[in-house]
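Using the hints provided, position chain Y relative to the given structure of chain A.
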Amino acid sequence: KQEVTQIPAALSVPEGENLVLNCSFTDSAIYNLQWFRQDPGKGLTSLLLIQSSQREQTSGRLNASLDKSSGRSTLYIAASQPGDSATYLCAVPTDSSYKLIFGSGTRLLVRP
Amino acid sequence: DAGVIQSPRHEVTEMGQEVTLRCKPISGHNSLFWYRQTMMRGLELLIYFNNNVPIDDSGMPEDRFSAKMPNASFSTLKIQPSEPRDSAVYFCASSPTNYEQYFGPGTRLTVT
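Going down the list, the sequences are from chains A and Y.
Under my numbering, the first residue of the first sequence is numbered -12, with each subsequent residue one higher.
Under my numbering, the first residue of the second sequence is numbered 1342, with each subsequent residue one higher.
If we strip away everything but chain A, and leave its shape as in the complex, we get:
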């Protein structure tokens, strides 16, 4: 059974720092991995999706990497801003279906 873990559960950094969020999964036979952002009281916003054949994806100041063999993904945020404050979740589909298994998220606070 696939399990997804995110560490740390919470992170507080000063504005301008580069930071890394971690996601690990127990079953390396994944089709892809998706990173989401959730603002308080809001829905989830898809940030990046990495296919199993890819090693990384970039969007603006965000870079996500994927290492299937070790069961890990990282989300790198460059030059963090207070507007980046949110909860970040990673998710992987179970086997060949569309069902996503979510990590519990990392709550990020970027201090001005």
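Worth double-checking, as some hints may not be accurate.
As the list claims (entries may be wrong) - No farther apart than 25 Å at their CA atoms in a straight line, the calculated lysine to any residue pairs in the SDA-like style are these:
| hint | chain 1 | residue 1 | chain 2 | residue 2 |
| --- | --- | --- | --- | --- |
| 1 | A | K86 | Y | A1408 |
| 2 | A | K86 | Y | K1409 |
| 3 | A | K29 | Y | F1406 |
| 4 | A | K(-12) | Y | E1424 |
| 5 | Y | K1365 | A | F89 |
| 6 | A | K86 | Y | H1370 |
| 7 | A | K(-12) | Y | T1453 |
| 8 | A | K29 | Y | P1402 |
| 9 | A | K29 | Y | D1404 |
| 10 | A | K86 | Y | R1382 |
| 11 | A | K86 | Y | M1356 |
| 12 | A | K(-12) | Y | K1365 |
| 13 | Y | K1409 | A | I88 |
| 14 | A | K29 | Y | S1428 |
| 15 | A | K86 | Y | R1405 |
| 16 | A | K86 | Y | S1407 |
| 17 | A | K86 | Y | T1453 |
| 18 | A | K29 | Y | E1424 |
The hints are simulated quantities; they were obtained by calculation from the structure and are not laboratory data.
Leaving out everything else, chain Y in the frame of chain A:
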């Protein structure tokens, strides 16, 4: 594109009442998902549809929950009768064929 649309955004009801949540997926997406999010359990998949057909409802908590998708542009999640433990945020998401899921803003349900 308006994104995934959910209504109502907030619902407060008394125990025993019927609750109906509504979702309009993104046009052209062939998969639709209903999730529930609570502090204790995080994000849980309740049911997903592919081409309007329910594929997996194993996440539906009990018979009080039912979901329908009468056409490609509309889905409902019904709880009858509602109980206080059903209080949560319910998300609808849709997906095209590449597995990337797009979430709606959610319905915050409070059952008193």
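Verification of the hints:
In summary, the hint linking K86/A to A1408/Y is supported, as the alpha carbons are separated by about 16 Å, within the 25 Å threshold. Distance restraint check for K86/A and K1409/Y: the Cα-Cα separation of roughly 18 Å lies within the 25 Å cut-off, and the hinted pair is therefore satisfied. For the suggested pair K29/A and F1406/Y, the alpha carbons sit about 23 Å apart, so the restraint of at most 25 Å is met. The straight-line distance between the Cα atoms of K(-12)/A and E1424/Y is roughly 30 Å, outside the 25 Å bound, and the hint therefore fails.
Under the criterion of a C-alpha separation no larger than 25 Å, the hint pairing K1365/Y with F89/A is consistent with the structure, at around 23 Å. Distance restraint check for K86/A and H1370/Y: the Cα-Cα separation of roughly 15 Å lies within the 25 Å cut-off, and the hinted pair is therefore satisfied. Taking the CA atoms of K(-12)/A and T1453/Y, the gap is near 35 Å; set against the 25 Å cutoff, the hint is violated. Restraint check for K29/A and P1402/Y: satisfied, since their Cα atoms lie roughly 23 Å apart, inside the 25 Å limit.
At roughly 28 Å between alpha-carbon atoms, K29/A and D1404/Y are farther apart than 25 Å, so this suggested pair is violated. The straight-line distance between the Cα atoms of K86/A and R1382/Y is roughly 16 Å, inside the 25 Å bound, and the hint therefore holds. Straight-line distance between C-alpha atoms of K86/A and M1356/Y comes to about 30 Å, which puts the hinted pair past the 25 Å bound. Between K(-12)/A and K1365/Y, the direct Cα distance comes to roughly 31 Å. Violation of the 25 Å bound is thereby established for this hinted pair.
For a cut-off of 25 Å, the pair hint linking K1409/Y to I88/A stands: about 23 Å separates their Cα positions. For the hint pairing K29/A with S1428/Y, the CA-to-CA distance comes to about 16 Å; that is within 25 Å, so the pair holds. Taken as a hint, the K86/A and R1405/Y pair is honoured in the structure, with Cα atoms around 22 Å apart against an allowance of 25 Å. At most 25 Å may separate the alpha-carbon atoms for a hinted pair to count; K86/A and S1407/Y meet this at roughly 18 Å.
The hinted pair formed by K86/A and T1453/Y fails the criterion: a straight-line CA distance of about 31 Å is larger than 25 Å. Between K29/A and E1424/Y the CA atoms are separated by roughly 23 Å; this keeps the pair inside 25 Å, and the hint holds.
Hint check: violations occur at hints 4, 7, 9, 11, 12, 17; the rest are consistent with the structure.
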